[in-house]
Amino acid sequence: GIQVEQSPPDLILQEGANSTLRCNFSDSVNNLQWFHQNPWGQLINLFYIPSGTKQNGRLSATTVATERYSLLYISSSQTTDSGVYFCAVDSGGSNYKLTFGKGTLLTVNP
Amino acid sequence: DTGVSQDPRHKITKRGQNVTFRCDPISEHNRLYWYRQTLGQGPEFLTYFQNEAQLEKSRLLSDRFSAERPKGSFSTLEIQRTEQGDSAMYLCASSLEGLGFPSLNNEQFFGPGTRLTVL
Chain L
1 GIQVEQSPPD LILQEGANST LRCNFSDSVN NLQWFHQNPW GQLINLFYIP SGTKQNGRLS
61 ATTVATERYS LLYISSSQTT DSGVYFCAVD SGGSNYKLTF GKGTLLTVNP
Chain Z
1 DTGVSQDPRH KITKRGQNVT FRCDPISEHN RLYWYRQTLG QGPEFLTYFQ NEAQLEKSRL
61 LSDRFSAERP KGSFSTLEIQ RTEQGDSAMY LCASSLEGLG FPSLNNEQFF GPGTRLTVL
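First to last, the sequence lines map onto chains L and Z. Residue 98 in the working numbering sits at position 98 of the first sequence, with consecutive numbering throughout. Residue 30 in the working numbering sits at position 30 of the second sequence, with consecutive numbering throughout.
Rather than coming from a laboratory, the hints here were simulated on the basis of the structure. Just so it is clear, the structure is predicted and the values come from calculations on it, not from any experiment. You may find that some hints are simply not true.
[Said to hold, decoys possible] Here are the computed lysine to aspartate or glutamate pairs in the EDC-like style, where the Cα-Cα straight-line distance is at most 16 Å:
| hint | chain 1 | residue 1 | chain 2 | residue 2 |
| --- | --- | --- | --- | --- |
| 1 | L | LYS102 | Z | GLU44 |
| 2 | L | LYS102 | L | ASP10 |
| 3 | Z | LYS71 | Z | GLU107 |
| 4 | Z | LYS14 | Z | GLU28 |
| 5 | Z | LYS71 | Z | ASP24 |
| 6 | L | LYS54 | Z | GLU107 |
Kindly produce the complete structure, drawing on both the sequences and the hints.
Below you can see the structure in the form of structure tokens.
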């Protein structure tokens with residue numbers, strides 16, 4: 001099946017810093033989603049981005065489908081950005097299941 | 001709130017007991033998924049429903065696990081004879097089949113999860 005690798009596994013920032021999280025995938029995808037998992041375990045949708053670039057406030061994402069990677073940018077980080085960020089892909093087929101990476105644990109210190 | 005809901009949020013049980021979890025998807029979403037997440041890992045796919053039909057089950061879903069989605073609305077996930085290895089967060093997600101291009105629009109929305117602890 002498709003493999004999803006996220007880097008870095010851990011990231012520690014000072015408040016106000018910028019960061020880039022990367023997601024590599026091993027095959028072509030129909031869909032790609034970025035999630036933020038809060039401390040209570042809730043997965044919050046950030047972007048649905050199988051290709052192209054999107055922005056939402058301080059967050060933006062770019063997926064280059066032909067090169068099989070996606071980037072999540074966080075600018076002017078805040079302590080509330082802390083948590084685990086997951087990339088998940090749907091490689092097609094008949095069930096549309098998402099395959100997740102292992103996530104990036106982001107800690108933003110005040 | 002019109003998001004995906006799950007019940008209960010937490011469940012503690014003794015090894016060997018049966019447990020049942022419920023998921024209510026976003027109304028009008030015809031696809032429903034169950035995932036399992038263990039500590040330090042991303043969620044892993046368990047099973048998928050399109051309306052009331054269960055179309056795929058992962059190898060992770062042993063014969064002690066059963067899922068249903070009667071009438072294509074809410075879904076239940078039952079674990080029989082629980083084992084300590086079943087301790088995990090069980091997540092439900094739903095999505096709406098895109099008109100015209102069903103394989104190209106499958107944004108999934110997740111519920112808050114049910115955290116199971118088997119003692």
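Is the hinted pair LYS54/L and GLU107/Z satisfied, with a Cα-Cα distance of at most 16 Å?
-> holds (15 Å)
Is the Cα-Cα distance between LYS102/L and ASP10/L 16 Å or less?
-> holds (11 Å)
Assess, step by step, whether the Cα of LYS102/L is no farther than 16 Å from the Cα of GLU44/Z, and give holds or violated.
-> Holds, at roughly 10 Å.
Taking only the CA atoms, is the gap from LYS71/Z to GLU107/Z under or equal to 16 Å?
-> With a Cα-Cα distance of about 22 Å, the restraint between LYS71/Z and GLU107/Z is violated, given a limit of 16 Å.
Taken at face value, is the distance from the CA of ASP24/Z to the CA of LYS71/Z at most 16 Å?
-> Roughly 12 Å separates the two Cα atoms, so the pair holds.
Are the Cα atoms of LYS14/Z and GLU28/Z separated by 16 Å or less?
-> violated (36 Å)
In the structure shown, a violation is registered for the earlier hints numbered 3 and 4, in ascending order.
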